Amino acid sequence: MSAAPVTIIVPVYRGVYDLTRCLESIARHAPGTQCAFELVLIDDASPEPAVRTRLEEFARRDLPFPVTLLRNPENLGFVGTVNRGLRRATGDVVILNADTAVTHGWLDQLAAAANAVPDVATVTPVTSHGSICTLPQSIIDAFALAGPNPQIDACARFVTSNSLRLLPEVITGVGFCMYTTRQALDSCGLLDEETFGRGYGEEVDFCLRATRLGLRHLVDDSTFVYHLGGGSFGDEQSEGLARGSRLLDERYPYFRPTNTRERAQDPSRVSFAAMELALHERDPERPHVLHIMHSAPGDTGGTEKFLDALMHALRNEFDFSVFFPVPSGFAVQTYWAQPDGAPVVEHYLLPGGPRHVTRVDDELAGAALRMALDLFHFDAVHIHNLIGHSLAPLEVLAGFEGPVLCSVHDLFLACPNFSLLYRKLEPCGIPEDLSACDRCLETIAEAPMPGSPMIRNLSRAYLSDFRSTATARIDSVDHWIFASQSVADYFMRVYEPAPSRIEIIEHGSVIRLGRRASEPDRTLIYDEPLRLAFVGLGWAKKGLEVVNELAEAFRDSTIEIHHFGDLKQAASPELCAHGSYDNEFLPDLLQRAGIQIVLLPGAYAETFGIVMSEALASGLPVIGARYGALGERIRACGVGWTIDPMDPSGIRALIERLDRARDEVMRTSRRVFEVKLESVADTVHRYAALYHGAWARDRAEASPAATDDSTLARLETA
Amino acid sequence: MSAPTSPEGETERLRRHLRALSAVNRQLHAQLETGVARVVDPGRARDDILAGDDVGGRISMLSIRRGSSGSEWIEQLQLLAGASDPFLARSPNRGAFVIEGPSRRQVKAGMLLIALERVIGSVRLMQDAEIDRFTEGPPVEVLEAASGPAFIIVAGRRLPIRGLPLPHPVTDDERLRFPEGEELRVGAGIGGGGNRTGSLRRARALVQREGVVRAGVAGARRVTRRLLRSARGATKRAKNTGAR
Numbered sequence: 001m002s003a004a005p006v007t008i009i010v011p012v013y014r015g016v017y018d019l020t021r022c023l024e025s026i027a028r029h030a031p032g033t034q035c036a037f038e039l040v041l042i043d044d045a046s047p048e049p050a051v052r053t054r055l056e057e058f059a060r061r062d063l064p065f066p067v068t069l070l071r072n073p074e075n076l077g078f079v080g081t082v083n084r085g086l087r088r089a090t091g092d093v094v095i096l097n098a099d100t101a102v103t104h105g106w107l108d109q110l111a112a113a114a115n116a117v118p119d120v121a122t123v124t125p126v127t128s129h130g131s132i133c134t135l136p137q138s139i140i141d142a143f144a145l146a147g148p149n150p151q152i153d154a155c156a157r158f159v160t161s162n163s164l165r166l167l168p169e170v171i172t173g174v175g176f177c178m179y180t181t182r183q184a185l186d187s188c189g190l191l192d193e194e195t196f197g198r199g200y201g202e203e204v205d206f207c208l209r210a211t212r213l214g215l216r217h218l219v220d221d222s223t224f225v226y227h228l229g230g231g232s233f234g235d236e237q238s239e240g241l242a243r244g245s246r247l248l249d250e251r252y253p254y255f256r257p258t259n260t261r262e263r264a265q266d267p268s269r270v271s272f273a274a275m276e277l278a279l280h281e282r283d284p285e286r287p288h289v290l291h292i293m294h295s296a297p298g299d300t301g302g303t304e305k306f307l308d309a310l311m312h313a314l315r316n317e318f319d320f321s322v323f324f325p326v327p328s329g330f331a332v333q334t335y336w337a338q339p340d341g342a343p344v345v346e347h348y349l350l351p352g353g354p355r356h357v358t359r360v361d362d363e364l365a366g367a368a369l370r371m372a373l374d375l376f377h378f379d380a381v382h383i384h385n386l387i388g389h390s391l392a393p394l395e396v397l398a399g400f401e402g403p404v405l406c407s408v409h410d411l412f413l414a415c416p417n418f419s420l421l422y423r424k425l426e427p428c429g430i431p432e433d434l435s436a437c438d439r440c441l442e443t444i445a446e447a448p449m450p451g452s453p454m455i456r457n458l459s460r461a462y463l464s465d466f467r468s469t470a471t472a473r474i475d476s477v478d479h480w481i482f483a484s485q486s487v488a489d490y491f492m493r494v495y496e497p498a499p500s501r502i503e504i505i506e507h508g509s510v511i512r513l514g515r516r517a518s519e520p521d522r523t524l525i526y527d528e529p530l531r532l533a534f535v536g537l538g539w540a541k542k543g544l545e546v547v548n549e550l551a552e553a554f555r556d557s558t559i560e561i562h563h564f565g566d567l568k569q570a571a572s573p574e575l576c577a578h579g580s581y582d583n584e585f586l587p588d589l590l591q592r593a594g595i596q597i598v599l600l601p602g603a604y605a606e607t608f609g610i611v612m613s614e615a616l617a618s619g620l621p622v623i624g625a626r627y628g629a630l631g632e633r634i635r636a637c638g639v640g641w642t643i644d645p646m647d648p649s650g651i652r653a654l655i656e657r658l659d660r661a662r663d664e665v666m667r668t669s670r671r672v673f674e675v676k677l678e679s680v681a682d683t684v685h686r687y688a689a690l691y692h693g694a695w696a697r698d699r700a701e702a703s704p705a706a707t708d709d710s711t712l713a714r715l716e717t718a
Numbered sequence: 719m720s721a722p723t724s725p726e727g728e729t730e731r732l733r734r735h736l737r738a739l740s741a742v743n744r745q746l747h748a749q750l751e752t753g754v755a756r757v758v759d760p761g762r763a764r765d766d767i768l769a770g771d772d773v774g775g776r777i778s779m780l781s782i783r784r785g786s787s788g789s790e791w792i793e794q795l796q797l798l799a800g801a802s803d804p805f806l807a808r809s810p811n812r813g814a815f816v817i818e819g820p821s822r823r824q825v826k827a828g829m830l831l832i833a834l835e836r837v838i839g840s841v842r843l844m845q846d847a848e849i850d851r852f853t854e855g856p857p858v859e860v861l862e863a864a865s866g867p868a869f870i871i872v873a874g875r876r877l878p879i880r881g882l883p884l885p886h887p888v889t890d891d892e893r894l895r896f897p898e899g900e901e902l903r904v905g906a907g908i909g910g911g912g913n914r915t916g917s918l919r920r921a922r923a924l925v926q927r928e929g930v931v932r933a934g935v936a937g938a939r940r941v942t943r944r945l946l947r948s949a950r951g952a953t954k955r956a957k958n959t960g961a962r
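Line order of the protein sequences matches chains A and B.
Going by my numbering, the first residue of the first sequence is number 1, and it counts up by one from there.
Going by my numbering, the first residue of the second sequence is number 719, and it counts up by one from there.
Derived from the structure by calculation, the hints contain no laboratory data.
None of the values given here were measured: they were computed from a predicted structure.
Be careful, since some hints might not be right.
[To be verified] With a cut-off of at most 20 Å between alpha-carbon atoms, the simulated SDA-like pairs for lysine to any residue come out as follows: (1) Lys568/A with Ile832/B; (2) Lys305/A with Leu877/B; (3) Lys568/A with Met829/B; (4) Lys568/A with Leu877/B; (5) Lys568/A with Ser840/B.
Using the sequences plus the hints, can you model the full thing?
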């Protein structure tokens, strides 16, 4: 920085109101300014007497900085007027339009930016109207900068406090408020008055001349100067713009393509993004939970539905973010509440990250989670699924200070072939002898079950490594949460988490309860053809092949098989397909189709059975596998019939029997109505307690033996 | 320039920087997918000498084949919400439509028609005159916002589309490394004309391959199979509809 004072040159032509705002802002923010400066006001033969009067009044005022008022005998235009001021200046210069308003600390900040790196020619602040330095529209709107009452000082405070201070480099400064160094002025001389005449393009020409000499131009992303724009020099602007553009194109043929590229790339993009994000900052008083998922929120699977219901039920108490893999790495999506109740949903794609995670322990996936944990402060982490993450998150979370929860929605941690179907055909039950897994894993490696990850090197060795790695990291999780006893049993065939870390929390229904009738529809059950609904994703894992076989078998009978949900594999033409459904409408859809029983013949051992809850909430009994959570729940409440999914003829015989024995259907339907159902909202207080860590503290204070006994007793009873 | 000096302040600044980078990363990724670049200050560039000719336009290097904006249809689509249960209809010459209340909405893409059949039921055959009685509504086209999967709007509901193939851009040079083959008309085959052309082409190919007599026999078999299949479907549908 030059030792001489900074000269602020304000050329003035019209607009007394804007001029007054500009001058008053300079006067108001002068106290406390470290940088010595002088103000040079140049009246370019203004035709408005009020302008002249205002300038004289201001020059006469007792101000803490010297003010010089010059008057052009005739109108010189912007370039000539600025040059008159530049000839007087001995140090750095700020060329300031009269329709601007400066803000607190503006001059010190611009001067500091000019000295932050060597060889700076110009520094331009961010503004409300100034080409590439213009703030994003959301910020302009937030501070009403385009309206008659702009919140200029508030915007300046916001910009300064949320700036990343990156000082983006641009190919040219912008003339509404351009801090120009003495080095640049000495090297380049004055604005080119001869070529650019009365204005438009002269500051670009000056900057490009400086660039040729190796100097650079910065945007000070921590300083805001308001600029009204559009009216500084009357109506000549379109003609002047065209002329200035043509002159620049002739003199600098490379300029236009470079400028176009710069506007597309937008060097201030990251700085502005930080400010836009700051418009919706999270309330730090609210606890914040990070969910780790295998897929994007909103997808159609049961885990996604559960998470959606969980976040909705706890939205008044917690902020949430979801971390999940995407084809190009890992993404984070926020779900924060604002004081007005509107959720803040923002999307982040983390830099780097692998495209497809199949290794047991993927360093890049771990790094991505570390990065996600660095994005915000999190009070708790809740793992729902590690497909697509490897086991790296368990290592990363060993160092996490808050509680770590892991809901076992499927048995991926027991085997990457998490459907636990031996060679995709029959339930394996997790054999102790891994030699039995050889042929299965070989098959799965070639063609995994739909929804399962493709792992080319899947083998017994891979599985051993996978399980031993998970075992070593089992204590990273403070609370292992199972939605049914059966999934806990399966899990503990492979792992032995401390009993005090085991929680059994049923999911509850993801759809609203209380809309079913008070008792079964007698006419429907006794007088109409038997109709069964296969509900959920139509694919092999859920039993589509069995359903297809049954639909074909009942082609010539009155028994009907319907399907509600997306089809992921080919369905029999005999299946009455209703297509995908919205959870909230499922009970109505089932009722309108005259369904009496829900058929869930998947060989996959369900860990809870969200669809079963949907069926019960619709007042319908269920036919489901005798093992897994379906069998457990059907037997516990007598709300259906259990089957061996590998025995289609047995299922067919059961359905034919029920077609004849409508009394049995009626009895079972009545039991469905007697079962007290819980919704997700009814169970979430237990998650909330775990997120808060209150349970952990309470347990530490209570007798550990008593706690362990009760948990073990519960497990043994099951 | 006042910079944060405390380690906590610097950590927080770095954290905000990471957030901004991740948000921009996501934005750039979305731009790559949609082919639309964010343009600086597009609406306020009248007095901006730096704005050039590209203001408000698209950046050629990112321009992938895309439809025009779907925003013009949104208001009409909102008005159609809850009009009546929509159904699919097809006429011999006019093509396929979703009929929603008083409007007919053309379905140009065959794969959309097939997907819609699974959601709102099979296509009903109608005469051209019957179709013409409905007023022309917004076509059933694939819409895409900055986030979430592509979707169509039917009966006022947003139906996400899974499995829609997206073009992966290559350069013209790369395209020209391969000789052009037979055209795949994914979006055709819905209208009467399209079907006839396809059938004609298939029939010509069969005649060339098998000769006139054998091709005639094969064609007759195919027609018989199609009739039997449609009759069986109609019986089953009648059973289902009649039952309830």
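Taking the hints in turn, this is what the structure says about them:
no. : hint                   : result
1   : Lys568/A with Ile832/B : holds, 14 Å
2   : Lys305/A with Leu877/B : holds, 17 Å
3   : Lys568/A with Met829/B : holds, 15 Å
4   : Lys568/A with Leu877/B : holds, 16 Å
5   : Lys568/A with Ser840/B : holds, 19 Å
In summary, this structure violates none of the numbered hints.
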